[in-house]
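Those sequence lines, one after another, are chains U and Z.
Under this note's numbering, the first residue of the first sequence is numbered 1, with each subsequent residue one higher.
Under this note's numbering, the first residue of the second sequence is numbered 1, with each subsequent residue one higher.
Among the hints, erroneous ones may be present.
Some, not all, of what chain Z presents toward chain U, calculated at C-beta under 7 Å [stated by the list, open to error]: (1) 38; (2) 47; (3) 50; (4) 69; (5) 76; (6) 81; (7) 88; (8) 128.
Hints listed in this document are in silico derivations from the structure and should not be mistaken for laboratory results.
Each residue gets a CB set at the ideal place from its N, CA and C atoms; glycine is no exception.
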Amino acid sequence: MARSNKPLVWSLFAAGGTVAALVVPALVIITLSAGYGHPPSSLGYQTIHAFAAGWLGKVILFGIIALCLWHAAHRMRTALHGLGLRADKLVALVGYSVAGIGTLLTIFYLLRV
Amino acid sequence: MNGKPYIREIPVFSWYLGRKRDIHHMLNEVSSLFIGSYALLLLWGLKALSEGEAAYSLFLQGLTSPVSIGLHWLMLAFTLLHSISWFSVTPKAMPVQIGENFLPGYFIAAGHYVAWFCISLFILYIGGVFSYG
Numbered sequence: 001m002a003r004s005n006k007p008l009v010w011s012l013f014a015a016g017g018t019v020a021a022l023v024v025p026a027l028v029i030i031t032l033s034a035g036y037g038h039p040p041s042s043l044g045y046q047t048i049h050a051f052a053a054g055w056l057g058k059v060i061l062f063g064i065i066a067l068c069l070w071h072a073a074h075r076m077r078t079a080l081h082g083l084g085l086r087a088d089k090l091v092a093l094v095g096y097s098v099a100g101i102g103t104l105l106t107i108f109y110l111l112r113v
Numbered sequence: 001m002n003g004k005p006y007i008r009e010i011p012v013f014s015w016y017l018g019r020k021r022d023i024h025h026m027l028n029e030v031s032s033l034f035i036g037s038y039a040l041l042l043l044w045g046l047k048a049l050s051e052g053e054a055a056y057s058l059f060l061q062g063l064t065s066p067v068s069i070g071l072h073w074l075m076l077a078f079t080l081l082h083s084i085s086w087f088s089v090t091p092k093a094m095p096v097q098i099g100e101n102f103l104p105g106y107f108i109a110a111g112h113y114v115a116w117f118c119i120s121l122f123i124l125y126i127g128g129v130f131s132y133g
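Work out the full structure: start from the sequences and follow the hints.
Structure below.
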């Protein structure tokens, strides 16, 4: 049987979709409220730094950022195909590259906090 | 047979505008663009956090820009749409069989909505959104 990256990409898509559905709207509300000039206590430098410095915080932040990136990359690929763009290889390359580089950068910055 | 096949013209960027179901499908697909944008925003914040307090307060200041606020409202609308429709298909994605029978689909979907509600409340609570004086 030919090897395929489909199961891997699809499971990242599904996991990312579930994580995004569960946590992202609430997170958007938190950063939105910071946008109105009064960051909630959790976004204070000391608090968020302490969170991202601990291993649990790192795992949580990594899971959210990386899975959302892979979810978006895969779904934008199917969306562009659905819209009629027939350049799947290029779309896949660009999308998965952004997700891959984003994943590596997330690890890099988490390790520096 | 005159040998000339009929090819139906399908407008590339607007074919889905005719039917409600297709519009809904396309909006759901587009929600991923906003989920991806939000992940990049978090990554940007994480970069600032790793660079120290000055860079991080610049990031917080950037959140107050009109572009950021407009994008946030769009992200909120599309991620809410994503959550609602993602959980609505869970009965099909993960049917639960008990003996001979299947658990009714609305139990599975409802379980996910309840979990989403509780997790969101928890995040907003520890996020400090409720503690404004």
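Of the hints stated earlier, which fail here?
The structure breaks hints 6 and 7; every other hint is satisfied.
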